[in-house]
Amino acid sequence: MNLDSIIFIVSAAVTLFGAVMMIMQRNPVASVLYFILSLVAQAVLYVQLGALFVGAVLIIVYSGAILVLFLFVIMLLNLRGDEDLGAPSAPVSQLTKYVVSIGIVAEFAFVIWSTVFSSSISTGIIAGASENFGSTEQVARLLFGRYLYPFELTSILLLAAIVGAVVIARKENKDEIEAEAAAKATADEVTG
Amino acid sequence: MFGITHFLFIAVLLFGIGVTGVLISRNIIVLLMSVELMLNAANLAIIAFSRALNVMDGHAFVFLVLTVAAAEAAVGLAMVITIFNNRRSINIDKYSLLKW
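So the sequence lines, in the order shown, correspond to chains A and E. Using the numbering used here, the first residue of the first sequence is number 1, and each one after it goes up by one. Using the numbering used here, the first residue of the second sequence is number 1001, and each one after it goes up by one.
No lab work stands behind these hints, which were simulated from the structure alone. Be a bit skeptical, because a hint or two may be false.
[To be verified] Below, a list of computed lysine to aspartate or glutamate pairs in the DMTMM-like style, where the Cα atoms sit at most 25 Å apart:
{"#": "1", "chain 1": "E", "residue 1": "Lys1099", "chain 2": "A", "residue 2": "Glu189"}
{"#": "2", "chain 1": "A", "residue 1": "Lys97", "chain 2": "E", "residue 2": "Asp1057"}
{"#": "3", "chain 1": "A", "residue 1": "Lys97", "chain 2": "A", "residue 2": "Glu107"}
{"#": "4", "chain 1": "E", "residue 1": "Lys1099", "chain 2": "A", "residue 2": "Asp188"}
{"#": "5", "chain 1": "A", "residue 1": "Lys171", "chain 2": "A", "residue 2": "Glu189"}
{"#": "6", "chain 1": "E", "residue 1": "Lys1094", "chain 2": "A", "residue 2": "Glu178"}
{"#": "7", "chain 1": "A", "residue 1": "Lys184", "chain 2": "E", "residue 2": "Glu1072"}
{"#": "8", "chain 1": "A", "residue 1": "Lys171", "chain 2": "E", "residue 2": "Asp1057"}
{"#": "9", "chain 1": "E", "residue 1": "Lys1099", "chain 2": "E", "residue 2": "Asp1057"}
{"#": "10", "chain 1": "E", "residue 1": "Lys1094", "chain 2": "A", "residue 2": "Glu107"}
{"#": "11", "chain 1": "E", "residue 1": "Lys1094", "chain 2": "A", "residue 2": "Glu137"}
{"#": "12", "chain 1": "E", "residue 1": "Lys1094", "chain 2": "E", "residue 2": "Glu1072"}
{"#": "13", "chain 1": "A", "residue 1": "Lys171", "chain 2": "A", "residue 2": "Glu152"}
[To be verified] Quick list of the computed label-pair ranges, beta carbon to beta carbon:
{"#": "14", "chain 1": "E", "residue 1": "Asp1093", "chain 2": "A", "residue 2": "Ser135", "range": "28 to 34 Å"}
{"#": "15", "chain 1": "E", "residue 1": "Ile1081", "chain 2": "A", "residue 2": "Thr136", "range": "20 to 26 Å"}
{"#": "16", "chain 1": "A", "residue 1": "Ala109", "chain 2": "E", "residue 2": "Asp1057", "range": "22 to 28 Å"}
{"#": "17", "chain 1": "E", "residue 1": "Arg1088", "chain 2": "A", "residue 2": "Asn2", "range": "52 to 58 Å"}
{"#": "18", "chain 1": "E", "residue 1": "Ser1096", "chain 2": "A", "residue 2": "Ile7", "range": "25 to 31 Å"}
{"#": "19", "chain 1": "A", "residue 1": "Tyr98", "chain 2": "E", "residue 2": "Lys1094", "range": "38 to 44 Å"}
{"#": "20", "chain 1": "E", "residue 1": "Ile1081", "chain 2": "A", "residue 2": "Val100", "range": "25 to 31 Å"}
{"#": "21", "chain 1": "A", "residue 1": "Trp113", "chain 2": "E", "residue 2": "Val1068", "range": "27 to 33 Å"}
{"#": "22", "chain 1": "A", "residue 1": "Ser135", "chain 2": "E", "residue 2": "Ser1096", "range": "21 to 27 Å"}
{"#": "23", "chain 1": "E", "residue 1": "Leu1098", "chain 2": "A", "residue 2": "Ile59", "range": "34 to 40 Å"}
{"#": "24", "chain 1": "A", "residue 1": "Ser135", "chain 2": "E", "residue 2": "Leu1098", "range": "19 to 25 Å"}
{"#": "25", "chain 1": "A", "residue 1": "Val100", "chain 2": "E", "residue 2": "Leu1064", "range": "18 to 24 Å"}
Built from N, CA and C at the ideal position, the CB exists for glycine as well.
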């Protein structure tokens, strides 16, 4: 039991714990915080696999930017406690959900078990890495060299996402907002 | 001695937790985060294979996946805000306008 194994076991356990707690929480803010815990432990796994730069980017961009965006939205929505998210659906459909998810996991695990163990891929992670595997320089050489075209395409994707998010989230104009409020008031009267 | 298979099993378990989250969660925000979790599991598998085969191309793929995840989160959260303004709820069972 060397140090590498201990670090792997601890960070893998924290990753899975954070992920499970994330989907079990009723409070969305607690969910986001558990997801951040899971991501930090996942970054440790990346570093163990030699991906230093990607691990750092995971913490900075993912837990630093994307999940903070989730937190902003949750606080912007100003949820009240009476959302009634915990009401279970019919027992048959509940059972189906768990059977389907366990089946998917079992299938993937079986595929890994039956292919990776019998193939010629070296399963050791310590041996055989080149000198500066995973360094910032090597990643940059790939991104601005062989993968320059996909890299440039992602900038178009991000632009489309920005414009799309703004168009989807904004209110159209004052008249429509008032019409919407009036329609909502009528609907509330009808439903009581 | 532990190898990439252990990392792959962690990735599979993470993916399974993500699928479970999508299926059992009634909260649209947790549902979006479960999708992100599945993307992360795929990233972990890519990095593990990249290390096993000793080629770094996987690291470039992970960057592209991260970009797609960010775009998805931005558009998804914009849609959540719009739906919340119309329905006053984040419970996905209330979003039944298109239900047949």
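For each hint, the structure was consulted:
| no. | hint | result |
| --- | --- | --- |
| 1 | E:Lys1099 with A:Glu189 | holds (23 Å) |
| 2 | A:Lys97 with E:Asp1057 | violated (36 Å) |
| 3 | A:Lys97 with A:Glu107 | holds (16 Å) |
| 4 | E:Lys1099 with A:Asp188 | holds (21 Å) |
| 5 | A:Lys171 with A:Glu189 | holds (24 Å) |
| 6 | E:Lys1094 with A:Glu178 | holds (23 Å) |
| 7 | A:Lys184 with E:Glu1072 | violated (30 Å) |
| 8 | A:Lys171 with E:Asp1057 | violated (43 Å) |
| 9 | E:Lys1099 with E:Asp1057 | violated (43 Å) |
| 10 | E:Lys1094 with A:Glu107 | violated (33 Å) |
| 11 | E:Lys1094 with A:Glu137 | violated (49 Å) |
| 12 | E:Lys1094 with E:Glu1072 | holds (22 Å) |
| 13 | A:Lys171 with A:Glu152 | violated (31 Å) |
| 14 | E:Asp1093 with A:Ser135: 28 to 34 Å | violated (48 Å) |
| 15 | E:Ile1081 with A:Thr136: 20 to 26 Å | violated (36 Å) |
| 16 | A:Ala109 with E:Asp1057: 22 to 28 Å | holds (26 Å) |
| 17 | E:Arg1088 with A:Asn2: 52 to 58 Å | holds (55 Å) |
| 18 | E:Ser1096 with A:Ile7: 25 to 31 Å | violated (47 Å) |
| 19 | A:Tyr98 with E:Lys1094: 38 to 44 Å | violated (23 Å) |
| 20 | E:Ile1081 with A:Val100: 25 to 31 Å | holds (30 Å) |
| 21 | A:Trp113 with E:Val1068: 27 to 33 Å | holds (29 Å) |
| 22 | A:Ser135 with E:Ser1096: 21 to 27 Å | violated (51 Å) |
| 23 | E:Leu1098 with A:Ile59: 34 to 40 Å | holds (38 Å) |
| 24 | A:Ser135 with E:Leu1098: 19 to 25 Å | violated (49 Å) |
| 25 | A:Val100 with E:Leu1064: 18 to 24 Å | violated (29 Å) |
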